[in-house]
Amino acid sequence: MSESNHQPAALRARPHVWRDELILIAGLIVFVGVVYALDSAFHTLLTGSNLLVAGVIIAFVPAFIWLTFFYLQDRLEPEPKQFVLGMFVLGAVLAAAIGIPLVENVFRVSHWLYTYTMTTLIGGILVVGFTQEFIKYAAVRYTMYHSDEFDEVTDGIVYATAAGLGYATMLNIQFVVSNGGVDLGAGVIRMAVVALAQASFAGITGYFLGRAKFESEPIWWMPLGITLAAVLNGLFNWLRGRVVQSNLSLTGASVNPWLGLAFAAVVAFVTMGILVWLMRRALQPAQAK
Amino acid sequence: MQTKNSSLGDRFAEVTVVVVTVIALLAGWMFKSSVENRSVSFDVNGISGQTPAGWLQAQVQDDEVLHTLDISSGDFSTTYIVRKFPVAADTPFGQIASLLTLERGQQLTAFRVLEQQRVTVAGHEAYEISYVFVESDPNLTHAQFPKVVRGMDIIFLNGDQAAVVTYWAGEGSFELDLGRFQQFLKSLKF
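If you read the protein sequences in the order shown, they are chains C and F.
This note's numbering applies: residue 97 is where the first sequence begins, and numbers increase by one.
This note's numbering applies: residue 10 is where the second sequence begins, and numbers increase by one.
By construction, these hints were calculated from the structure, which means they are not laboratory data.
Each statement offered as a hint is correct.
Keeping only pairs whose Cα atoms sit at most 25 Å apart, straight-line, the calculated SDA-like set for lysine to any residue is:
(1) F:LYS156 - C:PRO197
(2) F:LYS156 - C:ARG204
(3) F:LYS156 - C:LEU148
(4) F:LYS156 - C:TYR210
(5) F:LYS156 - C:VAL202
(6) F:LYS93 - F:VAL141
Here the structure is a predicted model, which means the values were calculated and not measured.
Between the sequences and the hints, there should be enough to build the whole structure, so can you do that?
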């Protein structure tokens, strides 16, 4: 789409965007709360394949809520929905075909990554972070990047977050399937946080991609974007897995994963906040006209 | 805002991203190897060597001098066991192999010998028995499929002492973890 017919659409007012975003976040919180409450009340009823199917369905919901949230940020000229959904599917397919097999079967991270604290952090950045972020980058760079629809910096964020959410959905499905179903109460929170994190880190790459396309950035600009996303990704995984409170008592030992998940959620939310700020800053010049 | 076609700068940036990612993954591979090859020394009952770091050291039983397992290796914990026991002088390998096979057949479910042969390990003559068995949790309330495990015993003879080094791994990880076991095997000194 050219500059001339882009601007009228760009200046179309979307006054309810704040309200919509709040409704989405509230909706996600309500969804997590309802699943948690239902799991507490009826967890004995869901077993075997029913639990597996419920877990897979639940894996999609946070992804679609976050997808809508990031889609709403692109206020000037929303991208065609079919392209955004296509990017979501591409992210999921690349995760299933390349990303997850590379990390799990070639690098076999479950055998060595969690041995020591520093191993988790360094290996998480070099192997998990770079693999995941490069795949999300490649999904956008080799498809939508050259499209006429990719006509603003924020489009990079929208398409990359869609690819990231596709990747996250596949990770969550793999988590459910490999465990033969999950404790839905704890699982739904993990899935919501993983979806946000994967989307936000991809969004960082997407912002760098957008800037690389429309502004004259130095040669190190894009590698810096990927590296930054990979470092945040590694930090997120490390926090999620490592900051664990263990309680030992006469009746046995218990592990509390909530603290790690909370720290990881903070990283994801801060990254999302920065992304939202970057998107709004990118929109200001056009809105000011 | 003007949409750019793929410029030379774009191409350079694209190649640089690929190069940086490949370098990061290669560094990750080297880091993985260094973590997997970390080892700790042991010296028990006249046998010394380097056992993988971070593995669980299980309580030794009977004639065992080392029993170590990797609890992060999937469904079945990859296990190394070193045993040492007295034998009559000039006992042939075949006799010890037969006794060992009989013992395994009594202790392990669905035990089958796959192959046995004379081998040389770090210049020492040895005898290798490859086999397979099924590991099943004896707890009847534990709903889990039995696992197929591949095993390898390497028998060494030193005068009136025999040492048996055992390697057990899930059938999916046996070949992948074999290199590491061979490294462990080469580190052993009797």
